Amino acid sequence: MLFYDHLNVTGDGQVSRRGFLASSAAAGLGLTGLLKTQAEELKKRGLSVILLFMNGAPSQFETFDPKPGTSTGGETKAIQTAVPGIEIAEFWPKTAEQMKEIALIRSLTGREGNHQRAQYLMHTAYAPSGSVKYPSFGSVIAKELGDSQFDLPHYVSIGGRPAAGAGFLGQQYAPYAVADPNRMPLNSELPRGLTPEVLKRRLALIGKLEQEFAEAGGEALVADHRALNEAAARMATSPHLKAFDLSQEKASVREAYGRTPLGQGCLLARRLVEVGVTFVQVSHGNWDTHTNNYEGHKRLSAVVDPGLASLIRELKERGRLDKTLVIWMGEFGRTPRINGQAGRDHYPRAFNAALAGGGIKGGQVIGATNATGTDVSKRPVTVPDLFCTIYEALGIHPRRQNQGNGRPIRLVEGGSAVKELFA
Amino acid sequence: MRFAVVLLAGLVVLTPARSEEDKKSRLPQAPEAKGVPIVPPAWKSAPKKLASPAEIDALLLASQKADQLPTAPLASDDLFLRRLTLDLTGKLPTARELSAFLSDSDPNKRAKAIDKLLRSDEFARYQARRWRDILLSKSTNNQGFVRFPREQALEVWLTEAFQNNKSWAAIATELITSDGMLSTAAPREQGHAALLLAHAQQDGPVERTNDISRVFLGINISCAQCHDHPDDIWKRQQFHEMAAFLGKLGERVRLDRESTPPKFEVSLQTRPFGDYRMPDLENPRRGTPVTPRFLLDGSTLSRFSSDKDRRKALATKITDKNNYYFAAAFANRVWGQLLGQAFVDVEGMGPLNPPVYGEVLLRLADSFRVSDYDIRGLYRLILNTQAYQRATRMGEAPTDHVRFSGSYPNRLSADALYAALAQVIGTPAGPGMGGRYGGGFGGGFSGRFGLASLAGQIRDLFAYDLSSKPEDVEGSVPQALLLMNNPQINAQIRATGNTPLAKILREHPDNTKAIEAVYLHTLGRKPTAHETKVSLEHLASLRNRGAAFEDLMWALINSAEFRTRR
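For the record, the sequence lines run as chains A and B.
Per this note's numbering, the very first residue in the first sequence carries number 1; after that it's consecutive.
Per this note's numbering, the very first residue in the second sequence carries number 424; after that it's consecutive.
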């Protein structure tokens, strides 16, 4: 059930007044009171998100919208999935087994066909701008759902820094970058010789030494700095830190995800959400297959398929899938036409994404493309629609505003959630 | 502004469907411009003479006295030299430089040190890296093949400009009127094209207008792109009239697959057809042509003029000696860099945002124009004031403006922090750091993040927008983790082996002397009596000289002061 399903948000960002007023009156709360209660309630629910972002733009034909036997389908065959009637590309056999949990969106449509701009758009719901540093939706969700007492970062990014950071939301919600999931993050552990006792002694020494600088006009600076040092020390000595240590997993589990940075990144993502990290992003690619698209997708999918499938399966087995929204997507799709070098070029007009968990009703397909995949033929889903869906699935109002560069900025401008996706 | 926020929030949540009329009136309206002087009236009657440091101090002190604002005493010689060296070269003074300065009995030694550093190559290089980052901070076209030559070429070009003390007007003119090209095959050439090539295609005219306004006029008119500026007098129409000066400028990308490796070139070009149009609010694909009109004096240029003529006219209007904003924006920025706080937000100037002690800014700007925009001259003027040389001062809240009653502390730039750290742990710093995207060509996703090197990690975690207000620059937990846990740093501060600390301990068997040496080495200043006492107590409590000094060195690297210029 949606958290605020009494609010009926229209495509224009209007809220249906009747339902809203009735429910808030019933609760005996004013508007501010209601929103505040919601915000606090939300944080208690322990929801999390895992985003698998495919940099370079994967082809819909070679992932979840194959068109075998047509002029545009290429060599790629379709395979059956666990859900009768839903077929996906042959490169995704393990994901096919998890189809009961997965909802596919085959009708995503946009206009942005430049990698850098589209990646930014697919992280922030906004086109890049020189004057406003929009936050990534990972940072927004970290802010809305993260427990402020938690001693690890709210937003962890594995395998590269995302196309957008915390923007105007501030450092507290910035992605914490983990370059290699097989090793502890850089500088996260106390180095040799620096025991927790020595660390404590040294922090106390800083406090005494800085007293004078604090009194000589630097008080605010010293206090701010001390808080950061303490937070860093809490993280470096936190029992949660071992969530980053994949050597604690059985070899068979590690194998199931695939011994690749992406596969191990998916496993790390599962471990991190289990200890309370709100948003984990695992980046992969380059999917930009302008040449030899078929071979490229065969190779790339072989890496992602076991990672994505094992992630969904394990989250389900361990009872965490209902509280974890898993998103698979890239920045746009690839052309129906196969070019002279057996590649596919950029195509934002029709592309796809996959969602699972977090209250998403699996085993269904939203929208469709026409027979040759040149256009969306049913239930188009725009980028703002997708972001409204993600936020609403988590109980976050997509019209919420943050102060950015001196003016209020909505999480999403326009669009409306794909309600069919919600269980 | 606050009013507008509340109003918008209210409408969004509570109002049912609105008419088109409502939609229009929902947009912010600029405050009434009638009767608001765009330029301070005193600008016209300014003395048009070079100012002396004493004159600036007298002007400032008179205002501070009127406000009953007590000023901080002058900073000690060691703090002064640390501040000066960090500000001008992005490095800490070496222990040798510091002791030579402290033992010099010449009453003019501060002025001498200022002159020496201003003439140094390191000054030109450090300011070039700063300005590279300021000019490119809002870039929207960041494809690898553009940003790779862009950052290098701009840094090279600016370094040469600062080495030759090229005037600020000449720098501005060349950046605005460039018809250059950036090429991956010649990544260190034609840096003058970099500012305009920070943007491309549909973003070009508007984002270039934003950049040129914020950098050369200190005015942020980006709000007025879509609606009137809510906090200042600029109307939407005025924004697009400014953008029209850049409306015929485009760019061309060429990929030469024949050369090895393949060569990318992006060059500034006149758009072959079409005029700049102000987009229609309801249907952005439609638009109305606008006449180029300069924001500040309303002077216009024919709609039928060429791209070259438009940009030449824009550069002439911007660098005109009657243009208060050109001179004041630069003076304000340099003053802010050196004093810690500026008279007014460095990119937030405008008729309705008056500076703190505007008469001082006006006099600095006046002197700057009379000097023909002599950059080193402006630095020399400010650095020799007592205002620059005072001890640290902050208000009760970190956001308080201390009105130049003392030196307001700032975070070190990533560049300066790395240089300081490299010096402290005894690793050569090299020629300075790359830009925000320093990963290099082809780095793409992995190159930017293969941050094994300490320099790369520091750049990644500590870089901030040099145009932001000092109080808006935040620290972060990953920053603290790096200085706290980094294995390389921790190995290099051991008391044994061949580390700088081990050398200090061998050289100074006396603990008080050794403490002084550690302070000079790490913070570039002597310890105070209190700091010496605390350090000696720590030594006594631990009864392990090596361990206690490792604690001290670590504590200083992890102190607030280490990442601060004060």
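Read the hints as simulated data drawn from the structure, not as lab findings.
Remember, it's a predicted structure, so these values are computed and weren't measured experimentally.
Careful: at least some of the hints might be erroneous.
As the list claims (entries may be wrong) - If you want a taste of the chain A side facing chain B, the calculated C-beta under 8 Å gives, among others: (1) Q80; (2) P128; (3) L209; (4) L228.
Yeah, the Cβ is synthetic: ideal placement off N, Cα and C, and Gly gets one too.
Structure-based check of all given hints:
For Q80(A), the interface hint is violated, the least distance from its beta-carbon to any beta-carbon of chain B being 34 Å, above 8 Å. A least Cβ separation of about 5 Å between P128(A) and chain B falls short of the 8 Å threshold, and the interface hint therefore holds. Hint status for L209(A) relative to chain B: holds, with the closest Cβ pair at about 6 Å, below 8 Å. With 8 Å as the threshold, the beta carbon of L228(A) comes within range of chain B, its nearest partner Cβ sitting at about 5 Å, so the hint holds.
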